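S.K.: The primary structure of each chain is shown beneath.
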Amino acid sequence: MTQPPDQTAPSRLALAHVSKSFPGVKANQDISLSVRPGEIHALLGENGAGKSTLVKIIYGVQRADEGQISFDGRPVEIASPKAARKLGIGMVFQHFSLFDGMTVLENIALGLDESVPAEELKARIKAILDSYSLPLDPDREVHTLSVGERQRIEIVRCLLQKPKLLIMDEPTSVLTPQEVERLFETLRQIAREGCSILYISHKLHEIKALCEAATILRAGRVVATCDPRTETTQHMAELMIGAELKHLQRPTSSKQGAARLSVERLDMPGEPPFGTSLKGISFSAHAGEILGIAGVAGNGQAELLLALSGEHLAGRADAIQLDGRPIGLADAGARRAAGLACVPEERNGHAAVPDFSLAENVVLTARHRLPLAPSGLIRQGPVERYAGEVIARFDVRTTGPAALAGSLSGGNLQKFIMGREIGQRPDVLVVAQPTWGVDAGAAAAIRQALVDLAAQGSAIVVISQDLDELLELSDRLCVINEGRLSPARPVAGLKLEEIGLLMGGVHGESHQAESAHA
Amino acid sequence: MTAAILVSIFMTLAAAATPILLAALGELVTEKAGVLNLGVEGMMLCGAVAGFAVTYSTGSVPLGLLAATLAGVAAAMIFALLTLGLGSNQVATGLALTIFGIGASSLIGAGFVGRTITRLGPLFPADYAAHPWLRLVFGHDAIVYLSLALVLAVSLFLRRTKAGLILRAVGENADSAHAIGYRVLAIRTAATAFGGALAGLGGAYFSLALTPMWADRLTAGRGWIALALVVFAAWKPGRLLAGAYLFGAVATFELQAKAAGWSFIAPEVLAMTPYLATIVVLTMMSLGGRTGGRDAPACLGKPFPAS
Chain V
88 MTQPPDQTAP SRLALAHVSK SFPGVKANQD ISLSVRPGEI HALLGENGAG KSTLVKIIYG
148 VQRADEGQIS FDGRPVEIAS PKAARKLGIG MVFQHFSLFD GMTVLENIAL GLDESVPAEE
208 LKARIKAILD SYSLPLDPDR EVHTLSVGER QRIEIVRCLL QKPKLLIMDE PTSVLTPQEV
268 ERLFETLRQI AREGCSILYI SHKLHEIKAL CEAATILRAG RVVATCDPRT ETTQHMAELM
328 IGAELKHLQR PTSSKQGAAR LSVERLDMPG EPPFGTSLKG ISFSAHAGEI LGIAGVAGNG
388 QAELLLALSG EHLAGRADAI QLDGRPIGLA DAGARRAAGL ACVPEERNGH AAVPDFSLAE
448 NVVLTARHRL PLAPSGLIRQ GPVERYAGEV IARFDVRTTG PAALAGSLSG GNLQKFIMGR
508 EIGQRPDVLV VAQPTWGVDA GAAAAIRQAL VDLAAQGSAI VVISQDLDEL LELSDRLCVI
568 NEGRLSPARP VAGLKLEEIG LLMGGVHGES HQAESAHA
Chain W
-17 MTAAILVSIF MTLAAAATPI LLAALGELVT EKAGVLNLGV EGMMLCGAVA GFAVTYSTGS
43 VPLGLLAATL AGVAAAMIFA LLTLGLGSNQ VATGLALTIF GIGASSLIGA GFVGRTITRL
103 GPLFPADYAA HPWLRLVFGH DAIVYLSLAL VLAVSLFLRR TKAGLILRAV GENADSAHAI
163 GYRVLAIRTA ATAFGGALAG LGGAYFSLAL TPMWADRLTA GRGWIALALV VFAAWKPGRL
223 LAGAYLFGAV ATFELQAKAA GWSFIAPEVL AMTPYLATIV VLTMMSLGGR TGGRDAPACL
283 GKPFPAS
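Residue numbers (our numbering), protein chains in the order written: chain V, 88 to 605; chain W, -17 to 289.
Just chain W, with the same shape it has in the complex (with noise of 0.2 Å):
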């Protein structure tokens, strides 16, 4: 019985850091790319109404899965148009696009508000998961494992293959890697679109996987978590998986606490522990995590061609 219970609660964490990975995991490879784009969760809202709405009218999860990442993508790519194109602010219109795309998705979800759909189920057949233990190992659905399969190849990627180092040069010093020859603009294009892409299919796990009912600003604030979160990790998706983890904990816990009735911390308390905990993990990170190594892409956020 204590077995069952400790298995959903795994499981409820996992659920609640699936969405903040795979968009954390899209940014860390964004600011590899030396862009800061602090439009996450504008892009999340953008894939998850987006999923939302193709599902609700088609009946299909994997249609709605698609399009929230091609919306996802659609929103980096304006992004991409303004900065990378056109030279613009990178934090400034990372901040619009966030605003963006909390208008954009309540716009087009004003008609979906209240309606639900059947959300995104385990990927293995329920008899694989009849056990407990083996529920957490077979009882999750697919974004989930791909989640984990991602950190595994976002992290070869980077480390092993020439393309990741050429993206890393990119983000680390743009000026030299143009010398050499690379296509500076076209590679942290790419990289943008890469974090819409999975800050798409983000968002979209609210909606079609935690809770499959459209509500405005679904993906409350998760965005950010991400973005913290990438610092966190210090731009390295091991660290970028523990991070997600230790939030989606965080989380479960405030569920739990709900749940039991613990009466003698204010639910407003309760619900600040998600946020409080990313202040206080990322101030221990700066005081402590001095080792002399840079972290950070050292062209992160300036434009190129330096103008």
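Extracted from the complex, chain V is given alone in its bound form (with noise of 0.2 Å):
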């Protein structure tokens, strides 16, 4: 008898000839891909190429029609999450899953199979968010933490259970290169810990820096397994895709216009008890710009894209003018008529209305710049044309103007809210996060459809924590830092590292300062 020769450990998950179907979708098909005890793997692929349904499978939220799962060399049923955590698989979500009324603390207990007294979760949950420096109250209520906030919530969640395989579904959508670099350093230690990381991600530079492996998807297929470290990004977004990768078009002229959006020390008190004050906000935008507004979540973004948006109203008329009139007293729908287009940063429930359908959705925001409600009734024609224009533009995988926003993924859904606001041709158009959850792609297809927005003589407002974006996007560059906003500077020139110290550096400790307080 001879032993055969134990070169390798097994693999710590291996998927084999996995698919699954939904009616009219054949969300992954034939899919097998291993991963090694301690690896840093990617799963790269645009929106619709079958990863979320892919790490569903593989947390036991859904089960697989065809093919076989083995952990650890043994072939495993995964029939429920719990399973999941119980073989060691931990996951961070990419629209988390959290419940707003209850505190930090009760959500991480909830996340637990076994029962631990709340001072002792207490403790250990600080010994984590110390040892990865991860700024977070475990006592605030969900409902008044930042994006940014609630997804560390999910990732000490997920840490607090020591798991073999911990999944990220696009865990830096939301983080500074700062708080990106930390989690990266947190993610390799874990990793060398021996733990398996399956990551997902659109950033293919991130996955450069971090994954050991990759498997690309494209339409519920793998197209292809490469090691990211010794492929270029551009290779892997193609091979992505399907198809070349188009640059940023920026035109060559640039002048700069008569300011078409004026904020003049702008003040507003936060909403207490967790909101941040607006302090003397001043900047303009002019015809033709994009101004981006840096900055690390939880700074006033979200008191800001209010102020603006009409949905918190300024104390003087004077403080917003558009076009010269002031409008600081203006309501939302006033605004949107004179031409102030605003996307808030959460797009189910404040950008669009989840249980209503796409066209519906349309009426809400673009009734006012176009004719699709004249008199008051609601014009099916137009309304449904402009819908379907918006997906064909954008690329929206949906089944059209029917379905439901909140059927969307996330990405998709993006796609549709930043298309019916630039397809309005707003004068001014203020926009959160603009590519959140959107794959590379259709990444690149927003930035251009924003830069020909400008190009034809509005001005455009991106709030961002991805510095990458804003200095690709941008003319000049503000901070955003605890309700005050820096002097804009011109992007040429400006390096990352310097505005990254700016949004991040000195305020990451004022922050925690706060959070000891609360």
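You may find that some hints are simply not true.
[Unchecked claim] Listed next, the in silico SDA-like pairs over lysine to any residue satisfying Cα-Cα at most 25 Å (straight line):
#1 V:K249 / W:W206
#2 W:K240 / W:W206
#3 W:K284 / V:V440
#4 V:K113 / W:D157
#5 W:K284 / V:K113
#6 V:K213 / V:R227
In short, the hints are calculated from the structure, not lab data.
Please read these numbers as outputs of a predicted model, since none were measured by experiment.
The two chains are supplied separately, each in an independent frame; assemble them into the complex guided by the hints.
M.R.: Right under this line is the structure:
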């Protein structure tokens, strides 16, 4: 009898010929992949390529129609998320599975399978937060936290369970470069301790920096596997979208037009108990210009957007001016009619009504600018035509204008909402996180559409935490920090690290101090 | 002498508050799990008639209380089967359950109208409660003590236990709870059953303790008051207790005023006071109670899985 040579340990996770169909869609077809112990493995693909379905199968949320899953060399049936966690699989979801009305501590306790006394759990959470330098107050209620802070809850929830395989679904989409770097150090440390990581992201340079292997999906099938450390991002992106990637086309002449949106000494108290007050915000956005506003989540971006959109009114009419007309006391509908459109950060429930169809969601914001309901009666034809145009132009993957907004994946809804606003050709467009959750190909299309809109004479304000995106898009950039806005500086000549320190480094400490007081 | 009267008024007050407290406490747990069961009145009537029928036939009040609890659970399970199992609309189904309860209790109770039983007596022997003030502590029947203990138990359960946390999570965000791996429908069914059990028990309190004689529609709309109380209490058991006793006080005032023969208030107006008080309190709550906190479970009344 000869022993088989023990050159390699069995794969931590191995999928063989996994397929899954939904009515009308083959989400996964014949997918095979294997993840070694301690490996950071990237899963790459466009929206709708089947990544989310695949990880849901691995985490036991959905069942595969066909195929075999092995964990640590043994074939397993993963019937439920609980079974997955029992095997040692943890997952950070793209759509956070959090409970808004409950505290951070309660949210984390819910994700644990064993009962831990509250005080002990708090101590364990504090230990993890400290060792990974994540500022987060366990006693705050989730609905008072920013998107970035909510994500930390999910990460801590997984780390508490000491997983053997950690699935990260788009974990960095809302983090600053410094935070991303810190997260990567954390992930590398976890991997060194022997835990495998399945990492889903659209950001190819992150995958290059972090991952040792990559499986690329397109339309539900594996199209390639590669080593991202030696592969170019350009090539990976092209494998992913199955076509050549377009570069951002900027107009050559960079003349600055007249100021279209002017904000002067805008003050606004934050909503108690955790809102950030805006203090003396002044800036102007000119025709043909994209103005970027960088900053770590929770520094007043949400409040600034509410003040600009008209959901919160400014104290004086002349605090906000559109083409010289004071609009500080006009409500959101009046501002839209005047030509100021806003895209808030929260897609479902704020930018769109999840239980309404896409066509109905078009009527809600576009009726001011487009003749969709001129006498109060909705004109079905034009509404559906406009919704159809948006779907076609921005490649929204959906069944059509009648689909419910809530049925779209995050990235697809994002594409639809961006398209809905850009298509109205507003004079001023204010956008928070324009490419949140959108894959590389579609993100390029959205950025191009923003640049084109500016070229036609609109002024655009982009509020984002993604510095790469801001540097690529913006003509000028300012940083918001604790409710104050820095003067705008031309992007040409600015260094990434410089801005990153301005928004993250100094602020990080004071933020931690705040959390300790709260 | 005055002490005896005051104590006697409070005893009436506690007795009036107890069935509403029980039904509302059950509904609170049901709603915390995200299920809006508007059939409280129907479940109370089912409990009332089942309790009366069994006690009348067997002569045993404890058996009657047990039967009432089971009848409440049975009615709640009809609701659970329709709304949780078959995905029917919770509001419509709850209203139907109330209508069903009214009809079923009339039908079953037809043969019992006017019959009397020996009512549920005080839990402790009479010599414990010889002094009026001691009567305040030891003079109640077992259900009053049980209802108070349940308030404490439910409060601790919801705030301090893992199971309570999971129940709240299901009411707060059913999809997330499912994604984490909790059995949403099973938890909601259990919470609905608990609500039915307490509603049945509360109903039986009418027929076995308050008026030991069967009459049609014995609960007289108290199930609706219980529903309103849950909102009034902002889904908090402690405030529910205060609300139920406040309501008991108003109901007692009505009785006392009638007994005292106050002729300057029309008896119809007096009969309205408990319901008027409910509306006034609910209005004041919604005007003054905006503290920025979110009280109602976020998934209240929403079907799972969303269709």
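S.K.: Would you mind marking each hint as holding or not holding in the structure?
M.R.: Consistency of the hints with the structure:
This hinted pair does not check out: V:K249 and W:W206 have alpha carbons roughly 49 Å apart, beyond 25 Å. A distance of roughly 23 Å separates the Cα atoms of W:K240 and W:W206; the hinted pair therefore holds under the 25 Å criterion. For the proposed pair W:K284 and V:V440, the alpha carbon gap of about 16 Å is at most 25 Å, so the pair holds. Proposed proximity of V:K113 and W:D157 is supported: the alpha carbons are some 23 Å apart, at most 25 Å.
A C-alpha spacing of about 30 Å is found between W:K284 and V:K113, which places the hinted pair above 25 Å, so the restraint is violated. For the proposed pair V:K213 and V:R227, the alpha carbon gap of about 14 Å is at most 25 Å, so the pair holds.
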